[in-house]
Amino acid sequence: MTKTLVEVSGLKKYFPVRKGMFSRDRRVVKAVDGVSFTIREGETLALVGESGCGKSTTGRMILRLIEPTAGKVTFDGRDLLALPARQVRELRKDMQIVFQDPFGSLNPRLKVKDIIGEPLRAQRIGSRKERLNEVKRLLEVVGLSPGHADRYPHEFSGGQRQRISIARALALSPKLVVCDEAVSALDVSVQAQILNLLEDLQRDFGLTYLFISHNLSVVHHLSDRVGVMYLGKLVELGPVDRIFAQPAHPYTQALLSAIPEPKVGGQRERIVLQGDVPSPVNPPSGCRFHTRCPYARPDCRAQDPEFRELADGRHVACHYPLTE
Amino acid sequence: MSRKLLEVEGLTTRFSTAGGEVDVIENVTFSIDAGETVGLVGESGSGKSVTALSILGLIKPPGRIASGSIRLDGTELVGMPDRALRSIRGKDISMIFQEPMTSLNPVLTVGEQIAEVVRLHQGLNRRDAWLRAIDMLRQVGIPSPEERVRQYPHQLSGGMRQRVMIAIALACRPKLLIADEPTTALDVTIQAQILELMRQLNREYGMGILLVTHDLGVVAQMCSRVIVLYAGQIVEQGPTEEMFRSPKHPYTEALLKSIPVIGERASRLYSIPGSIPAPGQQPQGCRFHPRCAYAVDLCRRTEPGLFRLPDGTGTAKCWKHADPDEAADADGRKEANGP
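Chains as they are written, first to last, in the numbering used here: chain A, 0 to 323; chain B, 52 to 390.
If you are wondering where the hints come from, they were derived from the structure by calculation, not from laboratory data. Take these hints with a grain of salt, some might be off.
Stated by the list, open to error - Calculated lysine-lysine pairs in the DSSO-like style (CA-CA distance at most 27 Å, straight line): (1) B:Lys371 - A:Lys262; (2) A:Lys174 - A:Lys11; (3) A:Lys2 - A:Lys110; (4) B:Lys308 - A:Lys262; (5) A:Lys92 - A:Lys135; (6) A:Lys92 - A:Lys174.
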């Protein structure tokens, strides 16, 4: 049995709604509202869902880049939220993040060697010269050349910049890498290069990925398990093959059917959901999906379904799962 | 017999840059029939959007249409005075863009924005135009249009804004709709709604649609024909089914192989080595040869033409599909001229 690297339980993040300086608005946006899951060592867990479902906020809370409102995150056996700031900084070596935008996430005034070397400098690792050698090695690991160390970010294409971001994330030999829409801004041919690189690095360095994405085809290709989020909650969690073959939650089913597949014929039956995602300030009562669910029954409106385990080992938050 | 709605022939759009004149698209030729949805695909920098803007006559200095012809229902648009072009835009040709937030005017209500178009192009009075706006919102599936019509863009969700964009674009019943990445900024469930809407409106109005996108999934579900652009040139053109079943140009083939497909889990994705050349830095010969798995000497030296495929359905710009004699000829001639 593989070891659990990250354990998240009852994680919540409420952001206050601020409308003006003297606003008395006491409402909150329930961006993440009670999410629990584990990430096993060496696996890729994906979090999918539409904009505003809370997947990125969840990823950032695990790194403590956003302070949770409630809940618990255990990383490698240690309670992350109970640790003082200094020890969190120490633990950050083990967890890194790669962002979506390869243009916005690299400082344009720094040379590549300073960008990749920054985490090493921040953690006071090695001498100047050792750090430069390490940067050159990392550049080769991600498929760039050591000669790129003295260049600036603007001299690189989107795909190359994403390689630089990955090299920076790898600098401290982390255990967990959170990839937040890491390939979403890339063209398909470049996306394929980066996905292959992520897979190679996982194999070579035994990395664990939390892969946050809205692109379900990419998620299916890369991950072992997937968690589907809707309005701040997990609605389904389990092995990617099983969930994609036979979704248990109506939202997962609708989401999968909405992907336009790049092939002619053999398209799944399309379920076009009506309406928009409701506001997380005022989520619907009972099951949050009931307003758009094609199968909703009266008790769905009244009672919030529990996130429970089904016979086949997956978890689902639905009173009437499609597989039962 | 279907009617040719749009005919683009030998279109070359040139930009002056600090480094000299650069052809961003070169010798682009295609047509769209009335009622047909044609996909224009390619990666960033392939010239998709410049092609769309050229058709709309929206290329502004330092860019210009250097040569070629664009005919809408037989009327030549290239060289047409700005005034005349303006009356065609919005009335006969409409466009929807990727980002509905920046394309809508934030200080006007959505009703005012739709009404403006119909008053301008169809001479409707204030009252009728307003009623038309409400009617259009209803047609694009916006609930309680009588209230929404008084709202401002920021009060609407992304999917709703894209519906408003479509309502504006269709208010004058255009013959041709150019949709530039209309669903790229939207979530998949909302994307499904918008695509469904476009399909339905296409059936009802019978307009031609040029769908510009990088998403091959959207193309497979929406278009009857596809045009593939690479580095400013058309490399393949043909019926969607045929192209997805057996792509003829190595670039199309590589592109299709590099996207993960649900249910066909490959252990490793195919990735095209290198990246798309910048305009003005294209290699000699076939522009795709440095990244092509099949490239031979001929490809490095001589640019292939757009060859008609044997089954007569499409064209491909690749020596693989040339008449063997023609390829041998090009090969021989070059060698004879060689040192």
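Requested in this report: Of all the hints given earlier, name the ones this structure violates by number, lowest first.
Outcome: Those not satisfied come down to hint 3.
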